[in-house]
Structure formats: C-alpha cells, structure tokens
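So the protein sequences, as listed, match chains A and B.
Under the working numbering, the first residue of the first sequence is numbered 1, with each subsequent residue one higher.
Under the working numbering, the first residue of the second sequence is numbered 1, with each subsequent residue one higher.
Since the hints were derived computationally from the structure, they do not count as laboratory data.
Take these hints with a grain of salt, some might be off.
[Claimed, not checked] Beta-carbon label-pair distances, calculated as ranges:
1) A/Gln75 - B/Val133: 44 to 54 Å
2) B/Ala281 - A/Gln75: 57 to 67 Å
3) A/Gln87 - B/Ile116: 49 to 59 Å
[As the list claims (entries may be wrong)] Partial list, computed: chain B residues near chain A (C-beta under 10 Å):
4) Ala279
5) Arg283
6) Met284
[To be verified] A few chain B residues that don't get close to chain A, going by computed Cβ distances all over 12 Å:
7) Met124
8) Leu187
9) Pro232
All values derive from a computational prediction rather than experimental measurement.
Backbone N, C-alpha and C fix where the C-beta goes; we use that ideal spot for every residue, glycine too.
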Amino acid sequence: MAEPVIAARDLSLVFTTRDGPVQALSNVNLDIAPGEFISLIGPSGCGKTTLLRVIADLEHATGGSIAVNGRTPEQARLARDYGYVFQAPALYPWRTVLGNVMLPLEIMGIPRAERAARAKAQLALVNLSGFERKFPWQLSGGMQQRASIARALAFEPRLLLMDEPFGALDEIVRDHLNEQLLKLWAATRKTVVFVTHSIPEAVFLSTRIVVMSPRPGRITDIIDCDLGLDRPLEIRETPEFLRIAQRVREGLRAGHSYDV
Amino acid sequence: MSRNLLPVLTICAGLILLWYGGAIWMNWQVVADTQARAGATPGLMDMVRLTLNHARPLLPAPHQILDELWRSTATLPVTSRRSLVHHAWVTLSAALVGFGMGTAVGVLLAVAVVHIRALERSLMPWIVASQAVPVLALAPIVIVALGAMGLEGLLPKAIIAAYLCFFPIAIGMVKGLRAPDAMARDLMRTWSATPAQMFWKLRLPASLPFLFAGLKVAMAAAVVGAIVAELPAGAQAGLGARLLAGSYFGQTIQIWAALVAAAILSATLVGALGAAERAVARRMGMRA
Numbered sequence: 001m002a003e004p005v006i007a008a009r010d011l012s013l014v015f016t017t018r019d020g021p022v023q024a025l026s027n028v029n030l031d032i033a034p035g036e037f038i039s040l041i042g043p044s045g046c047g048k049t050t051l052l053r054v055i056a057d058l059e060h061a062t063g064g065s066i067a068v069n070g071r072t073p074e075q076a077r078l079a080r081d082y083g084y085v086f087q088a089p090a091l092y093p094w095r096t097v098l099g100n101v102m103l104p105l106e107i108m109g110i111p112r113a114e115r116a117a118r119a120k121a122q123l124a125l126v127n128l129s130g131f132e133r134k135f136p137w138q139l140s141g142g143m144q145q146r147a148s149i150a151r152a153l154a155f156e157p158r159l160l161l162m163d164e165p166f167g168a169l170d171e172i173v174r175d176h177l178n179e180q181l182l183k184l185w186a187a188t189r190k191t192v193v194f195v196t197h198s199i200p201e202a203v204f205l206s207t208r209i210v211v212m213s214p215r216p217g218r219i220t221d222i223i224d225c226d227l228g229l230d231r232p233l234e235i236r237e238t239p240e241f242l243r244i245a246q247r248v249r250e251g252l253r254a255g256h257s258y259d260v
Numbered sequence: 001m002s003r004n005l006l007p008v009l010t011i012c013a014g015l016i017l018l019w020y021g022g023a024i025w026m027n028w029q030v031v032a033d034t035q036a037r038a039g040a041t042p043g044l045m046d047m048v049r050l051t052l053n054h055a056r057p058l059l060p061a062p063h064q065i066l067d068e069l070w071r072s073t074a075t076l077p078v079t080s081r082r083s084l085v086h087h088a089w090v091t092l093s094a095a096l097v098g099f100g101m102g103t104a105v106g107v108l109l110a111v112a113v114v115h116i117r118a119l120e121r122s123l124m125p126w127i128v129a130s131q132a133v134p135v136l137a138l139a140p141i142v143i144v145a146l147g148a149m150g151l152e153g154l155l156p157k158a159i160i161a162a163y164l165c166f167f168p169i170a171i172g173m174v175k176g177l178r179a180p181d182a183m184a185r186d187l188m189r190t191w192s193a194t195p196a197q198m199f200w201k202l203r204l205p206a207s208l209p210f211l212f213a214g215l216k217v218a219m220a221a222a223v224v225g226a227i228v229a230e231l232p233a234g235a236q237a238g239l240g241a242r243l244l245a246g247s248y249f250g251q252t253i254q255i256w257a258a259l260v261a262a263a264i265l266s267a268t269l270v271g272a273l274g275a276a277e278r279a280v281a282r283r284m285g286m287r288a
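Chain B extracted, bound-state conformation (with noise of 0.2 Å):
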C-alpha cells in the first residue's frame, strides 16, 4: 500500500506545485496593473503574495478554492442560496433520477435490441445517432418544449441525463448479453430450456461485468447531463446554475470551486458504484 501511496502523493505535490506556478504567472500581469495604477512598487514577494490572493484572479490559486468550497459548504446553512451543499443536492438529485432512466432504457433497448433481430438493424443506428447531437444545443429545445408543456424543475434535467447515459450502458448491455459462447447456449438447448430461463440464467448474469463497465461511463454522464440542463433553465440553481452566475460576475474562485464540487460528486458515485461492481464480483466468484 505505502508502495503505491509514495509515487501518487508525489505526482500530486508535483501538480499543486505547477498549479501555483501557473497561478503566479497567469495573475501577474492583474496585479501589475493595479499596483502600477496605484502607484505602489511591490517587491518580489509581495507580488507573489498578491497574485496569489486576488479576488478575481484568472487562475485561482488551490488553497481559495478549498476555501471557498469550506466556507459555501461548512460555513452556510444548507438551506442558503449560496450553500454548495443545496447546489449540489439539486444537480445529484436531478443526475440520480436521470441515471435511473436511462438505466432502465438502456437495459431494455439491449434486450430489446438482443432478442428481436430485426430490431439490432432498424434501432442501433437511431441509437448511435442520439449521441451525435451535442446536447449543448438539445438541452434548451427539450427544457423550453417540455416547460412549455408545464413541466419544470427536476424533470426535464432528468431527461437530459437520461438522454447522455442510456447509451453506453445499452451498448455494453448489449455487448454483454452476447457474451455466452455457442457452448454455453447449446447446454441451454440441450436442457430445453426456455427464452425467459436463457435470459435469466445465462445472458442476463454474463452481462453484469458489462452493465458496470457502462454504468459507471453512464453516472459520470449523467452528472453533466444535469449540470449542462440547469444552463437553459435561467440557471435558478444547482452546480451548472453557479458555474453560469460565477462567469456572469467573474467570480472565478466561486466557477472552479463548483468545477472542483462536480468533480468530487461525479469521483464519488463512480467510486460508489466501483464498490458496487465488487461485491457483485465477489458473490459471483469473480477471481479476485
């Protein structure tokens, strides 16, 4: 374990280290100017102290991002317009019930796609082309169509969710219900058994290493999915919703420390569902 802790700890030290770097020198000419306009000759380390402390800085340096994620979480109520905790619970939520959708149509067009032969030619194609259209551009029609419609808040963000995670888990799932060789479906055959017990006994568990590998590309989609629908919706809130007023007032310290929350939600359901994928192993006997 510390074996593997050393190099990994290094390489982020190395990281934060060049992070600073950039900050300096990405902050300087900012800081030059203002000193310059006040007529103040700051030396070496004042300029360095400054650029690392600006209130608008092009780059914020790591410890005011920590900072601010600190004060916008631990310091607010979580009922506070400006809690990143309440932020955050509006895109997790809207992503989760995304996910789950996009789950649940994934699976089934996999299937679909798996056992209706005809389906495999007529809907794939449909399907790979969904993921062409940027969903930059399909989040405004789909919440502007649907509110139209009357339906607004965690819906329609769900939907755009949804739309990028079903992919990647139908194309695994589909993938994965393939998986069973001829040998494997003959036994099937030679015990009559019927599609239902095919599916259930042989297709569905062969595709489990597959659904995860797709769940977990589909969870980090859908946490985008739900950020880039919060954009359109007058950005009301959410971790899109701060990263659009943040770059509205220049506040750059309050967009990356959004960017660092999204970051941080996404690591964490992935992890979670990486912790998932190994208990389901272990009851499978997956070798370890």
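In isolation and in its complexed conformation, chain A is listed as follows (with noise of 0.2 Å):
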C-alpha cells in the first residue's frame, strides 16, 4: 500500500458537555490509500461527520493520533490539502457563483486572471457552464450544491471531504449527482471521504464502506465494494450490489441493535 491519505490510529474524541462528557469517537482505526472512495455511514450520533471534521482540523481529537498526508491535520490544512463540501451549499450569497469558486483562490492569493480561468474549468466541470454570472438564490438547490462542489475542487486538492452533500436533495436530483460525483472521480482520482446515511448512495460511490455506530461513536464494520470504475445507475438492481448493500445493513443493524 502506498503511503496512506488518512491514518488514524485509536483515534478518540470526547465532547465536554454540560450532561457531561459524550464520546463522540472511540478508538477509531483507519488508514486511506491515495484514490480511494471511502463512505463513511450511520445512524446521527455514531460520529461519522466528527471524524470527517477531525480531519478536517475542524474538531481535535483528544486521543490517539491521526496523519493527513503525513501531517497533522493542521499542517494539512494550513498546506490547504483538503476541500470541504458541507451538507449546505453554504455558498455567499452577496456574490456570483464565479465569485464563489473564486474565493478560496483569492484567500490563496492566486493572480486575478488565473483565479478567474481556474473557476470556469472547475464550474464546467460540474456542468454549470453559463451559470457564472448567476447569484446563488437564482439556482436550483442541487445546482447550488454542484457550485459548492466546484469552489471545494477549485485550488484543485487532492483530498475531498464530503459531509452529505446531497442530504438535502431530493431522490432524482440525487441520483443525478452521484452519478456526477463518481465520473468526476474516475476522472481525477481524488481521494474522497464521504459522509452519509444512504446505503444505496454509499454502495453505489464507494471502494471502501466504513460502517460507524453511536455511543461511543465507532467504526463496527469496513466493506470493500469493488465494483468496477464504471457504475451505471443500473448497477443498483444486480445482486452483487444487492450483497454489499445486505452486507452494510447487517452492519448497521449489529451497530445498534441494543436500541431495538
């Protein structure tokens, strides 16, 4: 294996609260290889977005140890590693979608023409081509989503970090954008964490289906979903996509089965 992208080892966090302390992570092992697809799945409170935030350097664990590239997280993110798609579009809405994209390249420092070339190719990366000029509320939801998409690939990291980007949209948009996600994926091979807590969403992108369970959060299960580079959305009725999926609920199900 190379070098991995995330190696996190008996990685732990504890929230303080004022119920008292909530272990949001427990003992949490992972290592990522360059180019991989990794969903992250379970039920709300199994800490599946606070790792994604940890590595983020957005939370810091407060056991254990976790490299991103080899860093700290910190380091990572100060080398701007990482690009973060969060469960909203979140995009400003006092400027354009070009302005959006454009953005992180400004906080960069990147030269006012280059920034404006980089911002394009990723918009028409995501197919939103023709659309720079709108302000955000004049989109679409799922063309919002595609925008923060793009403003996430626009200093073009290698390492995307997916918090449900999708929760919010509805089936067919869905569907749509996972089909997007996955050919711009094949396309760049980034290496992607995704969050969320759709099983047929993360069998469907996924290499690798991390199975996360609550209290305390942590990892129950990792599935290997080696189903090819080409997913067409039909992949979805074919029984070994089934198996996996059957494989995750099961998962799931052990995960928490004490709540039943």
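With the hints as a guide, dock the two chains, each given alone in a separate frame, to form the complex.
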C-alpha cells in the first residue's frame, strides 16, 4: 500500500457538554489510500461527521493520533491539502457563482486572471458553464450544491471531504449528482471521504464503506465495495450490489441492536 | 403605482383637513377675545378666516407654514440671517460631520467588540449606559466644556450629533458582523483564511444590511442632535436657533416652519441613505 492519505490510530474524541462528557469517537483505526472513495455511514450520533471534521482540523481529537498526508491535520489544513463540501451549499449570497468559486483562490492569493480561468474550468466540470454570473438564489438546490463542489475543487486539492452533500436534495437530483460525482472521481482519481446515511448512495459511490455506530461513536465494520470504475445507475439492481448493500445493512443493525 | 398612490393621497388629505379643523378650534378663543375687545361681532365665515390667518396663532394653518417656508427660503438671499436655507445649512453641516464621526466610532466599536471577547462584557454596558443620559442634559455640559477649551462653532455640535448616532450603528454592526453562521465561518477555516480575510470577505459583506439599518436611524438622530446642540450655544444659527427664537417671541409660524424644515431635511437624508442601500443591495445580488 502507498503511503496513506489518512491514517487514524486509536483516535478518540470526547466532547465536554453541560450534561457531562460525550464520547463522540472511540478507538477509531482507519487507513485511507490515495485514490480511494471511502464512505462513512451510520445513524446520527455515530461520529461520522465528527471524524470528517477531525480530518479537516475543524475538531481536535482528545486521544490517539491522526495523520493527513503524513502531517498533522492542522499542517494539512494550512497547506490546503483538502477541499470540504458541507451539508448545505453555504454559498455566500452576495457573490456570484463565479465569485463564490473564486473565493478560495482569492484567499490563497492567486492572481486575478488565473482565478477566473481556474474557477470557470471547475464550473465546467460540474456542468455549470453559463451560470457564472448568476447569484446563488437564482439556482436550484442541486445546482447550488454543484457550485459548492466546484468551489471545493477550485484549488485542485488531492483530497475531497464531503459531509452529506446531497442529503437535502430529492432522490432524482441525488441520483443524477451521484452519477456526476462518480464520473468526476473516475476522471480525477482524487481521494474522497464521503459522509452519508444512505446505503444505496454509499454502495454506489464507494470503493470501501466504513460502517459506524453510536454511543460511543466507533467503527463496527469496513466493507470492500469493488464494483469497478464504470458504474451505471442500473448497477443498483445487480446481485453483487444488493449483496454489499445487505452487508452494510447488517452492519448498521448490529451496531445498535440494543436500541431496538 | 396609482393603486398605491390613491390611499396615500386620501390619508394625506384627511390629515390636512383635520389640521385645519384643529387650527380653527385652537385659535377660536384668541380671535374671539380680540374681536370682543374691538367691539366687533364677526360672522361665522369671518371667524374662520381670522382663525386661519392669525399672525400668532396657537396652531398655524398649513398654508401659513408653507407661506413662511416659501418666504424664508425662496425670497430671501441665502446669506440673510433670516433665510431658512442658511439655518438649515448650519444644522445640516453639523449633523453630517457628526454623522461621519458617529459612523466611524460606531463601526470601530463594533469591530472591536466582535473581535475582542473581553470588550463585549466590559464595553457594551457603557455603550448602552451612554444612551441613558438625556442628550438635552448632556449638550450644555459638552458645549460649555468645549467652549472653555476654545472649541466653538461646528465641532461641538457635531460631537453631540455623533454621540447620538454612534449607538444604533454600533448595535446594528455588532449583530451584522456576527451574522455569518458556523458553516460560513468553517468554510473560511478550511481555506486557512487569515482573520483579516475572514473580516473583509465574510463578516463585513454580511454586516452591510445591518449597517444600513443602523445608518438610517443614526442619520435622523444626528439631525436631532445637531438641533439640540444649537440651543445652549446662545442659539446663534441653525434650525434649533430658529425654534428657540420663535418660542421666545411667540412666533409660532416660524417655529412650525423650522420644524417642517427639519423634518424635510431628515427625510431627505434618510431617503438618500435608502437609495444608497438599494444600490449596494443590487450590486450584492439581493433579491429585488
């Protein structure tokens, strides 16, 4: 295995709340290789978003260790190693679509002419050419989220962190964006860490699926998902797909059987 | 447009009618007394005519105020001591300078409060307390104190105006600078933005609608501050001086003309700010 993009060892995180400590992550061990598409799946409270935020240096682990590209998450963040896509598009409403995608480049001090060219190229990649001068409210929810993906890709990070990016969209739009994301990934071979609570979405997109479970947040299963690079939507009807989906479902059920 | 205009015009016409009725009613006794002393017994129509054209009425009729406004603006040279344009300019200049100072202070205070956590608790109570002091009590103190230091004329009045108008700006701006949600701030963090970039590219643009709301309140307050500040300084010039002089000599028409002039001044300034706000909003892609 090549040097892992992400290496977590006995990672744990305890939030101190008014009601006492909450174990958000407990003994998380995970290696992610370059070019992998990893889904983190589990019910709410299982720590999947927290794990993503620890990788992004938006939260800090209280135990164990984690390396991103062989460095600490903070060093990786300062080196702009990753692009992050949030649950909501979170486009700044006073900027045009192009202005939003150019924003990270602006912050990195990239010259004006280059900024526009690079932002336009990323917008083309998510099929938003021609919408550069629109403001966010003039776009549909799906288009806004595509714009936010273009923004995360703007400075061409090798690692893409996505926190339920399609969670708020309807199923038709979600299917469509899943297909586009897969194409994008196949074309760029970026490493993707993708948080979701949809089993079909996880199986459709991933090379490996990390099943997580709450109280304390932990990894209960890691499932290989070798469906190949070429995945039409119809693959979701194949026995192979259903077998993997079944195993994810069992993993999720085993994880919090005491709840039922 | 015309559908909106009709109710507005109707209400305006109603108010003017009420005003005329009020003027007749309030001035009746004065006119009746004068007439009785002169031994005259005017008829009803004559009484109405006299109440609406009294030289020193308790309540002047609208046409008297308009007449005084016209006379003291259009027919006199602006350099005249009796020209309302001259007095309005004195008030306007103090209000605008004060508004500029108050805006600068208000914005700087808001930026400081948002960025330095300790200031929130230590400074905010003083900011709020400052507005609990009646400006009518404070103005003479400031004018006299600055006068003793040799500061006279526009600056002391501008300081009183600034004192009134920094507050709504500071309060609005603090709220505006805190408007970006956690996700918008996290985004900046994922790009390793510096605090300065966080301010210029996120907090400041997000705060502009709040700033404009504060500016509009502050603009009206600045005019009030400038007028109040003119009163203790011997009432030499300005709309406040006209108000005071009018009340010394029972010139009610002059008082009302100055009042209306002050209202027109404030409304124009606030209207101009509203236009600037709409222009900025258009540039920032706000929904029409």
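Run through the hints listed earlier and report the numbers of any the structure violates, in increasing order.
Of the numbered hints, 2, 3, 4, 8 do not hold.
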